[in-house]
Structures are given as structure tokens and as C-alpha cells.
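Engineer: Here's the letter readout for the chains.
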Amino acid sequence: MTTRIGVVTFPGTLDDRDSLRAVRLAGAEPVSLWHRDKDLHQVDAVVLAGGFSYGDYLRAGAISRFSPVMETITEQARAGMPVLGICNGFQVLTEAHLLPGAMLRNNHLHFICRDQKLRVENAQTAWTGDYEQGQEISVPLKNMDGRYVADERTLDELEAEGRVAFRYVDMNPNGSLRDIAGITNAEGNVVGLMPHPEHAVEPLIGTGRTDGLPFFTSVLKKLVSA
Amino acid sequence: MPVARVVVDVMLKPEILDPQGQAVQRALPRLGFEGIADVRQGKRFELEVEGEVDQAALDRIHKMAETFLANTVIEDFTVKVEA
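Residue numbers (the working numbering), protein chains in the order written: chain A, 35 to 260; chain B, 60 to 142.
Any given hint could be a false lead.
Under the rule of at most 25 Å between Cα atoms (straight-line distance), these lysine to any residue pairs were calculated in the SDA-like manner [to be verified]:
1) A:LYS176 / A:ILE239
2) B:LYS102 / A:PRO237
3) A:LYS72 / B:PHE127
4) B:LYS122 / B:VAL65
Non-contacting residues of chain B with respect to chain A, defined by C-beta distances greater than 12 Å in every case (computed) [stated by the list, open to error]:
5) ALA82
6) GLY94
7) VAL140
It is worth saying that the hints were derived from the structure and are not from the lab.
None of the values given here were measured: they were computed from a predicted structure.
Positions of the beta carbon are idealized from the N, C-alpha and C atoms, including for glycine.
Using the sequences plus the hints, can you model the full thing?
Structural biologist: Structural data, given as C-alpha cells:
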């Protein structure tokens, strides 16, 4: 049976098409999910794509968190379904308390758009199994609210449990504490990161590299072997 | 129906860096406003509440502020009834 991976579209989501394409290139069946629909249409995993859901008017990701689709996703994520939040999706995951901490305006207050080097700090999550521990990858980064913060105790806990999944290398683009670019929950099924792996899955676009594709092949392998 | 106004003020917690407030503070001397040591920028929500603002209504608003208007991971908030 084909593995079905859903991509949610909220009003203001921008990167749903790229995420659907990344899912397809990885060999899974992409399924579009609508924010007002509680039904996940039998998907095996979900990607929350980048953009500015509900205009980010209150806080980035804050309004989406209360959408009908998120009720089901939150429930399923707690039951072990793999969920990947990219950029705005990461913000939604912190607002939904599926991941700890919060995302704030970049420390320099500028929108940023660049190729970003990352180190894979945890190659054991549902979305990172196809990377090597410590591998450095380059994927696009583009955001306004990318500064990851959490209190010291939470940060120490994340570090101690290996839940910092990705760290910025060479430069910290937004003032994120401890250079954190992405984190995972304790179970490793929920992962959030600011940079955009879905924009680096074909050699002709983005960075010209396909460093982002293993996210999508990782989860596919994980689901097939489960 | 009488309508009362309840104000919810949301501020970043003191330990969280507020680059927006800092940008404002840095601009002040340029504009001739001296002597402001620090600026922090927050959000104010004005809620027009239908009916009486009794303790139950305030409790509901407090809950709303806590779950939605503020993110208590990074922000503090206050709720007050405006006369």
C-alpha cells in the first residue's frame, strides 16, 4: 500500500505545493489537507508547510493552532503520527505545545532569505533517519519570526535529551538561543525547523542541491518499516 | 445592552529580548527625545464585552488571554476593566 503524507493548507500558507512535490519525489503519495477539515483522510504523516497562516496577525502560528485540522493533528501527533513543521509550521507546533519554546521576531528585525548551513544533531527522529549524525547540509532559509527561545531549564533539557535536532552552522541568522534551528519532541515523531528542506529537493531549484530530500525519504522509510 | 470595555495588556517577559522596543529606544535621541533608558513594546487588546462584567466573565477573559491572546511561554498579561 502506498504511504500517504498530508500537507496542510491554511489561509496564508505558501509552501504547500513545494511540500507536496517533495513528498512525491520521495516516493510517497501527497495528500492535500484543508485547515477547516477535521478529517486527515487516512494519511500516515503530516507536513505543516511554511507561509504566514492567518496572516500571522496575532503571533506567528497562533491562530492556526485552533483550526479544526490542528485538533486532529495534535491528537494524532500525541499518539505517535510523524509530523514535520517547517518555518510557519514550526511556529504552529510551538503554539500548539507539541514542541516546547516559542518563536519570535528575528533579533535584527529584517526578513531574511539565504542559503543556510545546518548540522544534523539528531539523526534518530522520524524525519532525519536518512542523514548521518553530525552531517552538514545546506537548505534555504526565509523568515521574519525565526528566533527560537525557551527558558534555560527547557534548553538544558533539550540539550541533555538530544532533542536539538538541527543547529545553525557558521552564522546564526536570527538570534535563536544556542543556535537552535530545529527541535524534536521526546518521542522523535514531531520535528520542527525554521529552514526549508522542501525547497532543496531538486537540483534545478533552490540551492542547486537536494539536501532536503532525506527528510521526506526518512519518514517514508520509517513508515514502511513500522 | 450595556457594553463594558475590558483591556488585556500583553508584554514580553522581562528576560526576553525585545528588538522592536530597542529599535524604538535607539531612534529617540535622533528625534530629540533624551533620557529614555529603555523601551519595551507590547500589545493592548480592547474587548467590548456584552452584558455584565462579573467575576465569571472576567474568569472567561482571563482564560482567553492565557490560551490565545498571550503566549505565556514568552509573554505576561494583565486584565483590567475600564470604567
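Engineer: Please go over all the hints and tell whether each is borne out by the structure.
Structural biologist: To see whether the hints hold, each was checked on the structure:
| no. | hint | result |
| --- | --- | --- |
| 1 | A:LYS176 / A:ILE239 | holds, 15 Å |
| 2 | B:LYS102 / A:PRO237 | violated, 44 Å |
| 3 | A:LYS72 / B:PHE127 | holds, 20 Å |
| 4 | B:LYS122 / B:VAL65 | holds, 13 Å |
| 5 | ALA82 | violated, 6 Å |
| 6 | GLY94 | holds, 24 Å |
| 7 | VAL140 | holds, 22 Å |
Hints 2, 5 from the list above are not met by this structure, while the remaining hints are.
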